[in-house]
Structure formats: structure tokens, C-alpha cells
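Residues per chain are reported as follows:
2 protein chains.
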Amino acid sequence: MPEVKLLLFDVFGTLVDWHGSIAREAAALLGARGIALDGAAFATAWRDQYQPAMEEVRSGRLPFCKLDALHRRNLDIVLRDFGLDYVDEATRRELNLAWHRLDAWPDVTPGLARLRTKFPLAPCSNGNISLMADLARRNGWHWDAIAGAELARDYKPKPIVYLSAAAAFDCAPHEAMMVAAHSSDLAAAAAAGLRTAFIARPDEHGPGIGETAASVPVDLSADALTELAGRLGCR
Amino acid sequence: MPEVKLLLFDVFGTLVDWHGSIAREAAALLGARGIALDGAAFATAWRDQYQPAMEEVRSGRLPFCKLDALHRRNLDIVLRDFGLDYVDEATRRELNLAWHRLDAWPDVTPGLARLRTKFPLAPCSNGNISLMADLARRNGWHWDAIAGAELARDYKPKPIVYLSAAAAFDCAPHEAMMVAAHSSDLAAAAAAGLRTAFIARPDEHGPGIGETAASVPVDLSADALTELAGRLGCR
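As you go down the protein sequences, you meet chains A and B in turn.
Residue numbering for the first sequence follows the numbering used here, starting at 13 and increasing by one per position.
Residue numbering for the second sequence follows the numbering used here, starting at 13 and increasing by one per position.
A few of these clues could be false.
Identical chains blur together in the list; that is why a pair holds if it fits in one copy or across any two.
As the list claims (entries may be wrong) - The list that follows gives simulated cross-link-like pairs (lysine to aspartate or glutamate, EDC-like), each with its CA atoms no further than 20 Å apart:
{"no.": "1", "residue 1": "Lys17", "residue 2": "Asp80"}
{"no.": "2", "residue 1": "Lys170", "residue 2": "Asp115"}
{"no.": "3", "residue 1": "Lys17", "residue 2": "Glu187"}
{"no.": "4", "residue 1": "Lys78", "residue 2": "Glu15"}
These aren't lab readings, by the way, just hints derived from the structure by calculation.
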């Protein structure tokens with residue numbers, strides 16, 4: 013493999029357990045207001061609106077806006093679908109920020125620390141900069157910079173998102189490796205010329221619902237970031 | 013003072029001793045090739061091309077390009093002016109990267125660490141993302157994100173550079189404080205609605221050549237980042 017000079021990371025699902033975290037946050041926040049909620053079903057429904065919302069931007073029908081704004085649009089749809097249209101504005105705002113309070117999978121914080129001894133690290137996520145910064149603070153990560161959708165002003169899997177992340181670090185596409193738990197993300201990164209590493213997250217969408225192996229060719233596969241660190245020669 | 017939620021930093025001169033570092037790097041690099049150089053004069057001459065080069069972008073005469081590219085254009089001018097037009101391409105490339113190897117003033121690394129216990133921190137510099145990331149690695153800084161010219165795709169003192177940095181952290185302009193050693197930078201930040209803190213760097217351009225006090229109204233003044241940390245209630 014040619015020398016890798018930069019590691020780029022998908023975040024939702026790959027580094028953080030969005031499903032478990034959103035299920036917990038939504039159930040707790042609405043529960044405190046006397047609303048009994050199936051948090052897991054709510055998390056899945058909210059995330060189901062993710063790709064359609066970004067497609068409005070990718071297609072050019074909507075100008076670029078932060079993922080926080082798309083999450084809020086999606087939240088309003090899901091609350092209506094759950095018969096919760098009466099939930100007030102302050103609660104909606106607070107609930108939308110649950111995406112800034114996601115917990116990392118257990119291997120991620122030690123894995124990133126090991127990887128950073130050898131490589132510059134940046135998220136290449138569809139999440140906005142403040143969302144990425146808040147997740148890093150919460151989970152104790154040290155990014156060299158925050159790349160991704162807000163820098164590119166478009167959403168993955170559009171090539172510009174991967175290419176602008178590599179370019180921000182003065183890297184050619186083949187010098188950057190995209191690390192993700194989703195074959196579709198890695199296929200798009202590879203098509204843009206990047207190296208790829210698949211991380212298995214078999215419980216991403218809830219117990220037993222997640223990709224266990226890449227369905228596309230990748231340069232590396234691992235079950236955890238700590239394993240990836242070992243494979244890339246980081247102590 | 014209304015609550016400050018974000019600290020933004022000028023970098024060249026405010027956090028790093030560009031003059032001393034460039035003087036040292038240029039004299040060493042060209043010296044190793046048998047060229048005797050007045051490093052301090054060379055550093056000053058190189059920096060003298062900084063504002064005119066950015067003005068080409070700010071005015072719209074040139075499309076946005078990274079500061080690394082402007083530094084390289086300026087280097088070619090200064091080498092010619094110093095009668096060093098024969099310096100080869102590899103040396104020029106290496107010399108241009110001297111801007112990625114600048115040393116912090118002694119108070120900066122401990123000061124930023126204290127400030128980060130209470131505030132998110134980001135550079136709001138005209139330097140590009142990779143340059144900011146390299147300076148952070150070299151000097152042991154932990155930015156929450158890298159804002160500034162490359163994110164805004166324009167150069168300070170244009171308002172968009174300050175405003176896009178605050179917006180990336182979901183802050184209103186008045187919730188962000190710009191920290192800089194230059195009155196002109198702080199005047200522009202204040203005009204964009206930001207709070208301002210002046211840091212005295214009396215030796216920025218060489219011994220005794222630097223601003224010792226702000227020549228414009230500012231919210232705070234300090235002689236070091238460690239003093240600023242105390243003034244902002246950081247232990």
C-alpha cells in the first residue's frame with residue numbers, strides 16, 4: 013500500500029453509538045415531560061430522515077445548511093409521525109442538540125489516541141463543525157482539524173467532501189485513508205481516489221443491526237480502532 | 013461584559029514568533045547551501061509582501077488560494093530582491109514550509125491549555141488549515157476546530173472571516189472574543205461585532221518592534237495568554 017499520510021473518519025456509527033445515545037436522550041428528555049417513548053424506534057425514525065434531507069442539498073434543491081438544521085427539520089417530521097406535534101419549541105431545541113451528546117464506542121478514544129501518534133486525524137463527517145467539536149470534547153478526542161461537510165459545503169457521498177478534506181491537509185487523495193463502518197461511504201471515498209478502512213459496527217442501528225463486513229473492496233478491515241492502530245503500526 | 017462563549021486567536025505574531033523563527037529557518041536553510049543571509053532582514057522583507065498578496069484576493073483580483081500559495085509567490089519576489097534568483101525549486105519549497113515550523117511565545121502553550129478548560133478555542137488566522145495544524149502539533153496546542161481564512165475563503169480583515177468563525181461554533185458575533193496582538197485585526201473584529209482582547213507582543217518584528225498597547229478600544233488587554241487566562245477566570 014502506498015504511504016498513508018492522513019486518516020479521515022466517518023463519525024456517526026463509526027465512532028459514536030448514535031442509535032443508543034439518541035434513544036437514551038429522547039426517552040429521558042420526553043420522559044421528563046411525561047411522554048412515554050420507545051427511544052430506539054424514535055432514534056431509527058429520526059435517522060431514516062437523514063439521507064432524504066441531505067439529498068435536498070446534494071441535488072441543489074436546497075442551498076447548503078448545517079446538519080443541525082437538517083436534524084431539526086427531520087425532528088419536526090418525526091415528532092408529527094409519533095403523534096407528538098404538541099412538543100414545545102424549547103424541548104425541540106434541546107432534543108436536537110442530543111446529536112452533540114453522542115457517546116463513543118469503547119475502542120474509539122484509546123484507538124484515536126494511538127493513531128494520532130503517527131497520523132494527523134480529522135473527521136470527514138456530514139456533521140457540522142460545532143457538532144464535531146462537541147463530540148470531541150465529550151469523548152476526549154484530539155482532532156488536528158475538522159474537515160467534512162461544512163468545509164466542503166456539500167454532503168457525502170459527493171466527492172468534494174472527501175477531496176476537500178485531503179486537500180486541507182495538502183494531501184493527494186491516495187495519501188488519505190477514509191475510515192468508516194459503511195460500505196457506501198467507503199465506495200464513494202475509493203471512487204474519489206482515497207484509501208479505505210472498514211470498521212465493523214454490528215450494533216450500529218441497535219443490537220445486531222449493522223454492517224459486520226464491507227460489501228465493497230477496501231484496503232483494510234478491522235473490528236475496532238485499536239486493531240486499526242496496530243495494523244497501521246501505531247504502538 | 014456579556015458572556016464570552018468562544019475564543020478566537022490571531023496566530024502570526026500573537027501566538028508565534030514568526031520573525032525570529034523565519035529568520036532562523038531562512039539563515040539555516042540557505043546557509044547549508046553556502047548562502048550567507050541576514051535572516052532578520054529576509055524575514056521582514058518576506059512578511060512585507062503579506063498584505064499586498066492578500067489584497068489581491070480580498071479585492072477579487074485573484075480567486076481564493078491558501079496562504080501557503082501566497083507565501084510562495086512572495087518568496088519568489090523576495091529571493092529576487094535579495095539577488096538569490098538562482099535558488100532551486102526544492103529549496104524554495106522547503107523554505108516556504110518554514111511557516112509551518114514557527115515557535116510559540118513562551119506563555120502561549122500553558123496559556124491556551126488553561127483557557128481551554130473554560131472555552132472552546134479556535135485560530136482565526138489567515139494561515140491555511142494545514143499550516144495551523146502543523147503549528148499546533150509543533151507547539152502542543154489543542155484547537156477545538158480550525159476556523160479562519162480557509163474556512164471563510166477570504167482574508168482578514170474582511171468581516172466574513174470573523175463571522176464565519178463565530179458561526180461555525182453556533183455563536184453570535186458578540187459571544188466570540190478575538191485575541192490578537194494587532195490593533196488593526198481587533199478593530200476589524202470589533203466592527204464585525206466581536207469582543208476583543210489585545211496581547212502585547214513588543215518584539216513581534218524583532219527586538220523592540222511590535223505593538224505594546226492597543227491603539228483602538230478593546231475589551232481586555234494583557235501581556236501574555238497566561239494573564240488573559242487569569243482575567244477570564246481560568247485556573
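We went through each hint and held it up to the structure:
In this assembly of identical chains, Lys17 and Asp80 lie within 20 Å of each other by CA distance solely across copies; the values are 19 Å between and 30 Å within a copy. When the C-alpha separation of Lys170 and Asp115 is checked against a cutoff of 20 Å, the pair qualifies neither within a copy, at 27 Å, nor between copies, at 38 Å. For the identical chains of this complex, Lys17 and Glu187 are intra-copy neighbours only, at 5 Å inside a copy versus 36 Å across copies, given an alpha-carbon limit of 20 Å. Taking the shortest Cα distances, Lys78 and Glu15 never come within 20 Å of each other, neither inside one copy (33 Å) nor across copies (24 Å).
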